[in-house]
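S.K.: Using the hints, put the two standalone chains together into the complex.
Taken in order, these protein sequences are the chains called W and E.
Heads up, the first sequence is in this note's numbering, so the first residue is 1 and it goes up one at a time.
Heads up, the second sequence is in this note's numbering, so the first residue is 1001 and it goes up one at a time.
Hints are computed from structural coordinates only; laboratory data are not their basis.
Backbone N, C-alpha and C define an ideal beta-carbon position, used for all residues, glycine too.
Incomplete in silico selection of chain E near chain W, CB under 10 Å:
{"hint": "1", "residue": "ASP1021"}
{"hint": "2", "residue": "THR1022"}
{"hint": "3", "residue": "ALA1025"}
{"hint": "4", "residue": "LYS1029"}
{"hint": "5", "residue": "MET1056"}
{"hint": "6", "residue": "THR1069"}
{"hint": "7", "residue": "LEU1070"}
{"hint": "8", "residue": "PRO1084"}
{"hint": "9", "residue": "PHE1091"}
{"hint": "10", "residue": "LEU1102"}
{"hint": "11", "residue": "ASN1105"}
{"hint": "12", "residue": "ALA1112"}
{"hint": "13", "residue": "VAL1117"}
{"hint": "14", "residue": "ALA1122"}
{"hint": "15", "residue": "LEU1124"}
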Amino acid sequence: MTFRKYLVLAAMVVFGSLGDLLLKRGMSALGPISIHDWTHAITALFNPWVACGVILLIGFFAAYSSALSWADLTYVMPATSLGYVFIALLSVFVLHENVSVTRWIGIILISSGVAVIGQSHNTTEKIAHGPEAIL
Amino acid sequence: MTLVYTWSTIVIMVLSTTVGDTLLARAMKQVGDLSELRRTRGILAVVKAAMLNLDMLAALFFFAVGFFTLLVSLSWADLSLVVPATASLTFVTNAIAAKLFLRENVDGRRWAANILVCIGVALLAS
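The following block holds chain E by itself, in its conformation from the complex (with noise of 0.2 Å):
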């Protein structure tokens, strides 16, 4: 019964994972290179910024929602199956997010080395 309870977590943990990477990305972009922000305004500027972002604030909930159900996965799993598998299956689904959400250009070298990566986590989880 744990194996069914820590496989829920891990999907609960890929979709709030993979939404709330979309949505962060998505608000970053319109906040435009931080670094550049920072330099030329200042880190309260920054903050700012971020913080009244509404995309910001939603990609914050559904990290929030990952995290909680991280906690509860790993007081019933081994960090080495939880983390790994969690990631491997979130590179796929992000990279179609990405794909579908986002407008990115995934070409044949992203998808290749996002494939290349998903594989390599599995069998370090295995």
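Bound conformation, chain W alone (with noise of 0.2 Å):
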């Protein structure tokens, strides 16, 4: 793993996440959307909080499809959800939220999920073959 390839990851995970908070926000100040009136979901894309969280989301596909192109699914996935970490680490440390015992165990466990998978290969074939491969 070069340090150009840790860079794309970090471009997911902070993409992801803030751009999760604009859909959020926006979606909060236009209220429900009912099932009967489901078009509200496309008109809902020219809110401008929406349109950011769009547009950051197209930005953590770029990196997602990059991390995928040299990378298994089963390894980028996991490194995806630093994102939740990363939200958590906001909120208390901007925010000032509190964040429940509960909370923080499960910071650790995505924590440790992570650090298990960065231990290892990050395709197949270099699983496959062995330490042969790496050589």
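M.R.: Written out as structure tokens, the structure reads:
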């Protein structure tokens, strides 16, 4: 794994979590969408918060596609979950919100999962061929 | 009733994201390393290779279904429930799909990592 590839994973985490936050901000402002009037989900795209969220999610999609071109899906997926840790830490240190013990345990479990996957090879070929493939 | 609607949208999102992720991973394996392709043939070659791939187009369709379902779901429920609940279930379904359809070597370490993250995300949502 090169520094550039770690940057791609970091871009995925930041763009994905901030994009979701902006979508929520926009959809909260617009109010509930009725099942019978689902076309409001399309007009919601013109809300500035939702539009900014979509732009960030396009950035996430580009980084995600790039990561999947050199790593397995089961390697990339846990890495994306660092976004939840990122959001939780932002809410503690920037928004000064209280995070419960249960959520701290969740953060520790996610970080442990990412640490476990981080020590493995990023593609199936390298696992299948064993240490010789790395030499 | 809102709870039933919310969980129905979560199930739709889990299914559409899993199918989309699997198709996207297959498309990217067919295209090859994007950064290498960009270095040798330029950014237009990357866009062309990605956009002419049928798996990629099918993946975009399923992501669009998931995206609009997310918008509807977010108008009813909290971000802290919808996104982590969808993500934690998707970790399990994606690992199964990767093993069955992408023939990835999902060894003990990868299962352990996926299950740790799945439980962690579920706890964050609680």
